[in-house]
Amino acid sequence: MPTLSEQRPDPDLLLAKVKRQEAEARRGKLRIYFGSSAGVGKTYAMLVAARKLSAEGRDVVIGVVETHGRAETAALLADLEILPPKPMPYRGKDLYEFDLDAALLRRPALILVDELAHSNARGARHPKRWQDVEELLAAGIDVFTTLNVQHLESLNDVVGGITNVRVWETVPDTAFDDADEVVLVDIPADELLERLKAGKVYVPHQAERAASNFFRKGNLMALRELALRRTADRVEGDVQAYRVDKSIESVWKTANALLTCVGPDAGAERVVRAAARLAGQWNAEWHAVYVETPGLQRLPAARREKILGTLRLAKELGATTAVIASADVATSVIAYARNHNLSKLVIGRDPARRLWPWQRSSGQKLAMLAPDIDLVEIGRADGVMQNGDARTSSWPASPGVESSDRRKFKQLRYLWATLACVAVTLLSMPLAAHFDRSNIVAIFILTVVLVAVRFGRGAAALAAVLSVCSFDFFFVPPRFSFAVSDVQYILTFIIMLAVGLITGQLTAGLRFQARVAGHREERAGSLYEIARDLSGAVQIDQVVRISDASIERTFRASAALLLPNAAGQLAVTAPRTETALNVDIGIAQWAFDKGQPAGFGTDTLPGSEVLYVPLRAPTQARGVLAVKARNRRLLLIPEQRQLLDTFAALIAIALERVHYVEVAQDALVRMESERLRNSLLAALSHDLRTPLTVLVGLAESLTLTKPALSPAQLESAEAIQDEARRMSTLVSNLLDMARIESGEVKLNLQWQPLEEVVGSALNATQGMLKQHVVEVHVPRDLPLVRIDALLIERVLVNLLENASKYTPPGSRIILAAEAIADQLSVSVSDNGPGLPAGREEAVFQKFTRGERESATPGVGLGLTICRAIVESHQGKIVATNRPGGGARFTFTLPLGQPPAAAEEAEAAHG
Amino acid sequence: MAEPLPVAILVEDERQIRRFVRTALEAEGWSVHETDTLRQGLIDSGTRKPDLIILDLGMPDGDGMTFLRDLRGWSSVPVIVLSARVGEQDKIGALDAGADDYLTKPFGVGELLARVRAASRRRRDAGAGLGSIFEFGDVKIDLSLRTVHKGGAPIHLTPIEYRLLTLLIANSGKVLTHRQILREVWGPSHTADGHYVRVYMGHLRQKLEDDPAQPKHILTETAVGYRLVQSARE
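Line by line, the protein sequences are chains A and B.
My numbering puts the first residue of the first sequence at 1, with every later residue one more than the last.
My numbering puts the first residue of the second sequence at 1, with every later residue one more than the last.
Take the hints with a grain of salt, since some may be wrong.
[Claimed, not checked] If you want a taste of the chain B side facing chain A, the calculated C-beta under 10 Å gives, among others: (1) 16; (2) 51; (3) 133; (4) 137.
[Unchecked claim] Label-pair restraints from in silico Cβ distances: (5) A:825 x B:183: 43 to 49 Å; (6) A:726 x B:62: 42 to 48 Å; (7) B:190 x A:874: 25 to 31 Å; (8) A:673 x B:49: 45 to 51 Å; (9) A:874 x B:69: 53 to 59 Å; (10) A:833 x B:149: 45 to 51 Å; (11) A:837 x B:183: 32 to 38 Å; (12) A:59 x B:188: 58 to 64 Å; (13) B:62 x A:780: 55 to 61 Å; (14) B:125 x A:837: 40 to 46 Å; (15) B:183 x A:874: 28 to 34 Å; (16) A:539 x B:69: 43 to 49 Å; (17) A:833 x B:183: 47 to 53 Å; (18) A:677 x B:49: 42 to 48 Å.
Think of the hints as simulated: they come from the structure by calculation, not from any bench.
Glycine residues also receive a C-beta, built at the ideal position from the N, C-alpha and C atoms.
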């Protein structure tokens, strides 16, 4: 009985749901029209639906649709926008493929992409169309597509078994299961056959014979059943998802997760597909492991690659994959299962009992080791014979330097083992007279152990056999004959042989463990080295050098770092390696932008020889690592890829650290130079103002002395005072200009009533405007404006000062302000002589004055400062001549959203 | 009784500035002590019981701010700060640290004397207690009746406006920084809301000044604060 608290949704699950919904909201929606075979009318149904949506106003574009010459389908294409296909040169002629880039550029709301299982021509970005669709969805574009049941990866072999026709174009089940909607397009088998007879079903010419086998009623019925079932599974999945959605009950049985083992036989793929199907049915996560035993490690490269290929297939089908190096398959599989909490084990049934001693009973062995784990054995297909064939044929057909070297070494060690036995026999001959035969036996056993240690299992076995023979022949009476007089020697022989074989076996196991440990240590060592080296790097160059060297050392691969410029465009750091690597900047840029690996061994442009790994650092991608391995298999091993990814992460972090070191240094330098400049300006200001203060003060004291000065003296004293004050203004202007030019003026922005600033500006210019008539037109209801009051006051003071300087006494000066739209416009106009025509703009230049030769004092800095100040407020300042004569300076300031009115505060206090 | 001359201490490192400031102050009837270091200035402030200190912020032997903070620890003597610095933050800092007024170099003798008079009057008033009637221009405030008249006509002020006005009156002639006003009128939690002060000062000016755009009494010390001047030439 569920109690109330059990019914309550788990917050973590709810959070996961919200996150999933967020991700889904950004992603496009995928609808698959799913059918049992060609000819059921998927494309037709898709087009009908698309037309309906288009009529409703959706932005629908046809990416690619195969009409196969059917008129009724082609008719549906009319007046829908069709994306032109992209020609791909292939063996001298052009193949036309879906143009992914054009589709991404066009960005329709919905795009129709027929035949999800289609394989793209070489040179396309992705090898498979479903990957194109994936990218479209990621870009937020909805996609309609079609799919036949036999193209589903996990059903591929089942369909092959039913119809005897295997198709090679497959779509991973995840693509099908992740689709937002699946529409089953279904017609009865008889009707389909009729349509076939009527020529309404497209059959490629070269496949006509196969097609006649394929389109048999029995096949069609079976396919139909498969399609219906698969859809039903999916619907059930939907129902479950809905249930989880509605009241998150404990549908998640994490204990349901299953594990499958990938072996070297041809049946491995079958097992993997079966496991994928089971996992799908149970709605469980699943893992696939490959346990690499010493024996498997000795397999030729081609077969090892095939095993890794099977592992990749598992990954495509949605499994978590791992490669474990261990001599004992059963134990390590069970350990893995326990570590990952996997309660079900899916294995292939063992082949006929002859090849591997441990395989013979692997099922029982696993069951014995872990009685609590469910074991599912997948029956073998036809593959036993074929498997044997492959085995025998693949041995001689394994070319390559590596394996022939190894064989030579192997032959050599048998030779050494033989020689060792001969030598021991010769050595023991003279001893036989003095020592007991049991001691001789001990010498032989010692030899076998030594051979085992040095040359491994095979040689040890040989040595054991040879030792027994030699002991029998040379030492056991009757000597120089294999006949044995005393029966007890038979026991001696058996023990000798057993000891030899067991020792050999043990030693070989130890050697393997040592080698695995060696590899592991090598990996750890190289990681440690690169981490240590990178932690010392303080410049990009060093990071580049260290990465190149480390990757060269660890992966025997050449590497290049591609780093982005400020605009995010990648460039190669060392041009030399670029040419050596043949780096394709386009692929690298893709990897960088998407944050996903591309190139060799990935889903994106796997045809490339170079692997591009994005360098993802905590804050952003820092570049791309391009790697080209001389031994390509090395990069396909999951462990090596993981190591490479770790390298990439380390390099990315190093690059980020270097970046921030630079940022910090820049900031430090800027702060330092700012401090210097400020102290220089302060010192200058102090040193210039102090004598000016003295001048002003002393001159003024003169005017105040008693007895009073004569009028002429008084005039002189006042002149000194005035000039000193002018000098002071000039100094202020120069210092301000220096400060503004250095770009270090920090605005002290506050919400101000303009009136207040106008008031203080008029107050400051009172003295010099005595002889002018000043009118102020500032409306009382002007909104607050966000300005640096001091600087805007400077602007007004400078403008008023200019007006007073360049107009004759008695002129009118009008200061007006008004709010126009989102700007506050302030103007200072006069009715003086105005600006020289054509020089309205030039007055704002430094050291420019209205008239060249003028007795009017002042260096032309005032207006330059005005412009700098206004522009730093995101405003504009212009000078014009008034229609009625006189100059007008107008500046604008942006009006923002003033803070909440202070009236509320009043209510609170009043 | 024969009142002794009021004592002013002048802390300034520039000899010529000391010279004309001393001349001007002595002409006003002050007894002036000059020092050219902050250390000596601080000692003199303790021993000579000054009625006024004139302090140059940019002294070679230290920062005038430190001097101010030290001094305010034990004395409330009026301090007028002289500064060659243009940064408004320095002025605000000095005022917040306890200076009564400031002058930016170069300054005229007239300006200096006006500030000195205002400061000494404030000191005197503080001793005698504020009268109940305060007047500037044609505005008359009765502090006991809490009424405000302009040109004989009663003026209605909101509580905040009135509190602002009384604060200005209590510190008549002295610069009040935005922060000081906010703290006194709105309370310590509002010290960041500078625009309150500006908006209410605008209201006050519109009610009390003849031409709010060219105020004669409620003056703005741009980016620093406000000052109430009683007579136009002070």
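Hints, verified against the model:
no.	hint	verdict
1	16	4 Å, holds
2	51	22 Å, violated
3	133	25 Å, violated
4	137	15 Å, violated
5	A:825 x B:183: 43 to 49 Å	36 Å, violated
6	A:726 x B:62: 42 to 48 Å	33 Å, violated
7	B:190 x A:874: 25 to 31 Å	28 Å, holds
8	A:673 x B:49: 45 to 51 Å	48 Å, holds
9	A:874 x B:69: 53 to 59 Å	39 Å, violated
10	A:833 x B:149: 45 to 51 Å	48 Å, holds
11	A:837 x B:183: 32 to 38 Å	55 Å, violated
12	A:59 x B:188: 58 to 64 Å	59 Å, holds
13	B:62 x A:780: 55 to 61 Å	48 Å, violated
14	B:125 x A:837: 40 to 46 Å	60 Å, violated
15	B:183 x A:874: 28 to 34 Å	32 Å, holds
16	A:539 x B:69: 43 to 49 Å	47 Å, holds
17	A:833 x B:183: 47 to 53 Å	51 Å, holds
18	A:677 x B:49: 42 to 48 Å	43 Å, holds
In summary, the structure is inconsistent with hints 2, 3, 4, 5, 6, 9, 11, 13, 14 from the numbered list given earlier, while agreeing with the others.
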